[in-house]
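I would like the entire structure built from these sequences, with the hints used as guidance.
Here the protein sequences come in this chain order: A and B. Counted from 1, the first sequence has number 836 at position 511 by the working numbering; the numbering is strictly sequential. Counted from 1, the second sequence has number 986 at position 661 by the working numbering; the numbering is strictly sequential.
Some hints could be false.
Chain copies aren't distinguished; within one or between two, either way the pair holds.
Result set (DSS-like, lysine-lysine): computed pairs, CA atoms no more than 30 Å apart in a straight line [as the list claims (entries may be wrong)]:
| hint | residue 1 | residue 2 |
| --- | --- | --- |
| 1 | Lys716 | Lys534 |
| 2 | Lys626 | Lys353 |
| 3 | Lys360 | Lys910 |
| 4 | Lys362 | Lys450 |
| 5 | Lys880 | Lys1006 |
| 6 | Lys985 | Lys643 |
| 7 | Lys633 | Lys880 |
| 8 | Lys711 | Lys880 |
| 9 | Lys1006 | Lys716 |
| 10 | Lys985 | Lys1006 |
| 11 | Lys880 | Lys910 |
| 12 | Lys921 | Lys711 |
Hints are computed from structural coordinates only; laboratory data are not their basis.
There are 2 protein chains.
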Amino acid sequence: MELMIWMPIVMAILGLIYMWIKQSWVMKQDAGDGKMKEISDYIYEGALAFLSAEYKLLAIFVFVVSLALAAVSFIVPTTHILIVVAFIFGAIFSAFAGNIGMKIATKTNVRTTQAARTSLPNALKISFGGGTVMGLGVAGLAVLGLTAFFIFFFYFFMDSTWTNTMDMTVVLETLAGFSLGAESIALFARVGGGIYTKAADVGADLVGKVEAGIPEDDPRNPATIADNVGDNVGDVAGMGADLFGSYVATVLAAMVLGNYVIKDMGGAITDNFGGIGPILLPMAIAGAGIIISIIGTMLVKINSNDAKEAQVMGALNKGNWTSIVLVGLSCYGLVTWMLPETMQMEFFGEGLQEISSMRVFAATLVGLVVGAVISSVTEYYTGLGKSPILKIVQQSSTGAGTNIIAGLATGMISTFPSVLLFAGAIWASYAFAGFYGVALAASAMMATTAMQLAIDAFGPISDNAGGIAEMSEQEPIVRERTDILDSVGNTTAATGKGFAIASAALTSLALFAAYVTFTGIDGINIFKAPVLAMLFVGGMVPVVFSALAMNAVGKAAMEMVQEVRRQFRDIPGIMEGTGKPEYDKCVAISTQASLKEMMLPGLLTIGFPLIIAFAPLAFGMDKLAIAEMLGGYMAGVTVSGVLWAIFQNNAGGAWDNAKKSFEAGVEINGEMTYKGSDAHKAAVTGDTVGDPFKDTSGPSMNILIKLTCLIGLVIAPILGGHSEEGANLNEIKSEVNVEVTATNNNDLIAATIITTKTVNGETVTETETFNGTIEEIEAKAEKSGKIVSMDVNKNKETKTKEVKIIINDKD
Amino acid sequence: MELMIWMPIVMAILGLIYMWIKQSWVMKQDAGDGKMKEISDYIYEGALAFLSAEYKLLAIFVFVVSLALAAVSFIVPTTHILIVVAFIFGAIFSAFAGNIGMKIATKTNVRTTQAARTSLPNALKISFGGGTVMGLGVAGLAVLGLTAFFIFFFYFFMDSTWTNTMDMTVVLETLAGFSLGAESIALFARVGGGIYTKAADVGADLVGKVEAGIPEDDPRNPATIADNVGDNVGDVAGMGADLFGSYVATVLAAMVLGNYVIKDMGGAITDNFGGIGPILLPMAIAGAGIIISIIGTMLVKINSNDAKEAQVMGALNKGNWTSIVLVGLSCYGLVTWMLPETMQMEFFGEGLQEISSMRVFAATLVGLVVGAVISSVTEYYTGLGKSPILKIVQQSSTGAGTNIIAGLATGMISTFPSVLLFAGAIWASYAFAGFYGVALAASAMMATTAMQLAIDAFGPISDNAGGIAEMSEQEPIVRERTDILDSVGNTTAATGKGFAIASAALTSLALFAAYVTFTGIDGINIFKAPVLAMLFVGGMVPVVFSALAMNAVGKAAMEMVQEVRRQFRDIPGIMEGTGKPEYDKCVAISTQASLKEMMLPGLLTIGFPLIIAFAPLAFGMDKLAIAEMLGGYMAGVTVSGVLWAIFQNNAGGAWDNAKKSFEAGVEINGEMTYKGSDAHKAAVTGDTVGDPFKDTSGPSMNILIKLTCLIGLVIAPILGGHSEEGANLNEIKSEVNVEVTATNNNDLIAATIITTKTVNGETVTETETFNGTIEEIEAKAEKSGKIVSMDVNKNKETKTKEVKIIINDKD
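The structure is reproduced here in structure tokens:
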């Protein structure tokens, strides 16, 4: 086996070692005194309580799905029972990454507060250090798990030596189990977490702020710990699981498409990487990304204790941009080193084309550009002081109604540049290097995942640090410092969401492409009515999913409200600070409610593709027709899901910052307006609507579209034309057919060799065209090995052509 | 020429005569006394002012588009200059229909008020009589115009005798101009009207109700006339133009697909209708629908002066259901009479299939079911007293934020049954009779348009009648009676919107199918990256369009607010009722603002498909590839547009009725809650958001999706493979190719004859498969005329097959 296959795993282990060092350093920092420590412990325990409840539910879920996958592996010959093992490990790795993140985040918050008592640079170093641990944990475990399983399956199925693309397909199909496991955890973490965080937030606010009139983060409010736990559950664990899933799925999809590049090149290539360079490349890029992210995180620091938001933001940007540029450079190196100088790739309807490795590199640059630009777009539509936010602020003066309309409109309009960007990226990366290019664009973008997550996780840590400062009644300077970090964290949270959407969109496209190639259908034709119908159904699912998620928040929040009201009523002295609130009860309610309420949307996500695949199968419908319908469904979910993700995230972000604008005061109709004004109250209403948008239903879209495409990929072998069973059932047979096309010139003709599989009347076609004189074509045709001999004679008198072909019938 | 071709035109004229009689009858009714008449005259003049301003703008628009179409007709040989004439007449007919509707509506309102002073049955008779005039005007002119132009073009291009499908394609392409003209007016009427009505409404409420504290419809409010004009502009003229456009486009699309049925049957059929039965059928169904609608409207009456909403609703339902059943019966008669007993239809990927006329009839039933069920679905999600509304009412108790979330969620969830219904309808009607079945399903549904519009227009007329009763200070009993009509009108308005969405969705699908057949592409494959990119872009456009429309309402309303404030300030004695408000100024502002603000969304609608078609054309991209991209765009717009239409209409309707629930009082947490409570205020905020949703952006979606697909259809010849110019440029050549497929059985083989056009490397294919022994196939192949002889010999030793074919090269 070539050494290069071990490279990503080494990088991943290096990343995990650095993570461990960083973690130890953070843990060694001063965790503060009595009250601070007490509150921090509550949050830590609350987070653990959520995790352990989640894990119990997960264990049941993983068990059920494992049984289903085992059943599939017995029915479909090309699906191996090892997919169950991969699935379970995918779930465990993702859960473990979330665990690391939650633990470090809940330990880092109080240390950040403590550091903020003396030094802002130190507070940043600690909070960002916590984020770094989270980022490297996710990225390191993702690459480690995926690479290790690939190496194992490559050994198990192929004895670590290239045989043919069909065997590699089995390897990658089994590997898809790992990705499915990871994404399943993301469903629980992102959707369940999203419901948790908003239920706790709304519940705490409704009774605490509104009914009892006590400030946010007041320790007398029984739901305040649940609220702080929620920040970690939703923004840390949820985001981590989301990106873990994207990371793994993207690399997997790129590997699948890499295998098809080898197929297009004749089924085998010779390179210095055991003939699997195109398959190893995405893993290598991911591995390099880990080391680059470490370098990037090292650059994030400030020196002055009087630094403001701009300096902190600048430090983060420095690290971020450096890592993006370094990934670009490493892509150049890896692509030119690992890929053949020119490759043949099949372009749908255009036949085989020669693609240079430089064009693949160009495709990776497209991905990096998308990652960078989408953050700016998000920042423009949701950033404080930006024109869309100022407009919402102005519209708040005429009441909540106009504020809501303005926020909705902002979110809706923000789909314009975002979708044009995605559409351009799809087009460009495909034009450069086919769907392999699309998948590698996604891989390159995802290579900075560790850095992105570090920036992202730093936000909720700082938010928590501020909460602890408030609850433990620190001096105002402490809160001021944590507020600077928190404010920057809010911006990075918004741009991080943009990155997560972009990653989900590109990942889904790559999975979609992998699905089509897996099933062997020759495209997804929406002019077929059943496919069009499924496109409609797919488009509807994200809308209904969002509604269910929003309603879930409402229901869970109501349970929380009842509990907080009960405690205020039943616990003596709670308002005077002498009675102790039962924080754990609120945590338990949020936990149970969120996990219960995520069932229905989860069922929708998993159930629909299964029904579309298996219901018609039960009625004996043609498998490839079903595969095409399922593809239409996947496209509908992806297009609609991306739109609703952008709409909801940006509308929510915009409302949030419109509300925050009043804290510093805003000018409305020439008058300065502040907190407590009617306009501010209208803005608060907008934020109430925006909260589930941006923290629950919006981010859930990422999981919905990825999981839908992954489920499609996993059941692809059942529907696909390449499975052995399918071959027996459907009498697949490779056939060689000759199509003779005459032009006006009598001497020159064009001959097209079409290799056709016929499956229940549907034809899957590969085309190769020769142009030239009859003699030239005959020579080429014979050389191709498919045709033994061919003879074309024109008879001008009778106006007929006689074509005599001898076809190789060995296939 | 066969007599049957004149049948629809006769029906249309009968309908228009009945309309004229009904109109005269309504006009003869007592128009009341001084104050009532005065107010009614203001509304009438305001409506005329809007119309005349709209017509000016329209004239410019029609002129510009005519020039563009003329240019197209010079460039593309198969597009005839007569398309310009058809376009202009389509615009004029639609505008004229709108004019009739607006005039009768603004004349009927005061007569309804006057009748309500003595008799509820009479008030219903008059208000519904006005609606009937509107309905028959729209349906009658639509059928008259379309049929007359068809007869003329059929005479002009084909001398009224069947020649071949290509000539008929030219006829229908030219006829598409009429449809484009009609839909362009709909853009102005629906989008402009939608902005007008809400700008006036919001402007009147914000200053009148909120700032000055005077009730709705108070004559002291300068914007009150504009508000009442708005009801007519949006709900009467806008809805009328919308359905006029759907009606024409549906019938046209069904005719196009009927032509392709003839093509699939060998290019000519023999029947008693000059060989164009499948093309005449949709027009005949439309013609029959007019007479049936007249019968239906005659059934709408009540007898008791003490009738309540239920009786009025019952009378409307009786008429509606009777007309639906009668359309079903007439479809049975017409389909079995006009179509061949069995037809051959090409099913994509499945080849030619035998379709009986009974299956076509089944497809029409699918359309009727969709029309009926979608109304019930809409009624469920938006109706007073229904569970979704009660939930929103409950959520109002915790403030505007939760009310908004509940309303949004209701609209979103309502996409679930609606989309499943549409998807099922697409699937079923296609399974019954291909895309011809889909188009006929739409035609059957639209056959009751006159009845639907009568029911629909009756709502705003009654609303206006109530307004006049209020403004002219009638006795309470008058308002009570008009309120009964108004309340029923609110329900029919919601279900009417459902019908309009369903009609737009089915129309777009039919147009989409016609587009694909027009361009000659063999489907729209979203696995091609550029097509997928355009699917994304198409999905985004309805979202951005909605945002622009909502923002337009906000801007126009602000101008209105300024003007009303100015009048309150500048006109002495206005609040005491001694100074006279300048109603016309408010009308002018609403008119100008609405027409100005609809430019940008209008440009988006028209501009995007043109850019997608012509920008790549300028860069020399392959025409069929562009056609496929444009098809992807159309699909994206349709899927996303239908979703957003349902979402916005139903959310808006739900908020509206949640607010109205407080008028009779609702039970929240065990307490009866009424108008003026905090919960009611929250519900009012929800209604503010819902207003532009349900009256502006939501209904505009219908126009967006239909116009997008129509523009596609009109530019199809430029991109299409069937134009003569295309033939010269691209060296199209019909070729016969033989594909030999061997099964495991050595004696049986399958031969597929593929007729292929090659256009710039893309192949358009028709497939015919023979199964049998070699001898049988040879016999069949020779009989087909395409193959002179064919010889297949298997050599088992060398494992080769020798295929010798003599191909007819005459094509």
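>> Output the indices of the hints that this structure fails to meet, ascending.
In response: 7
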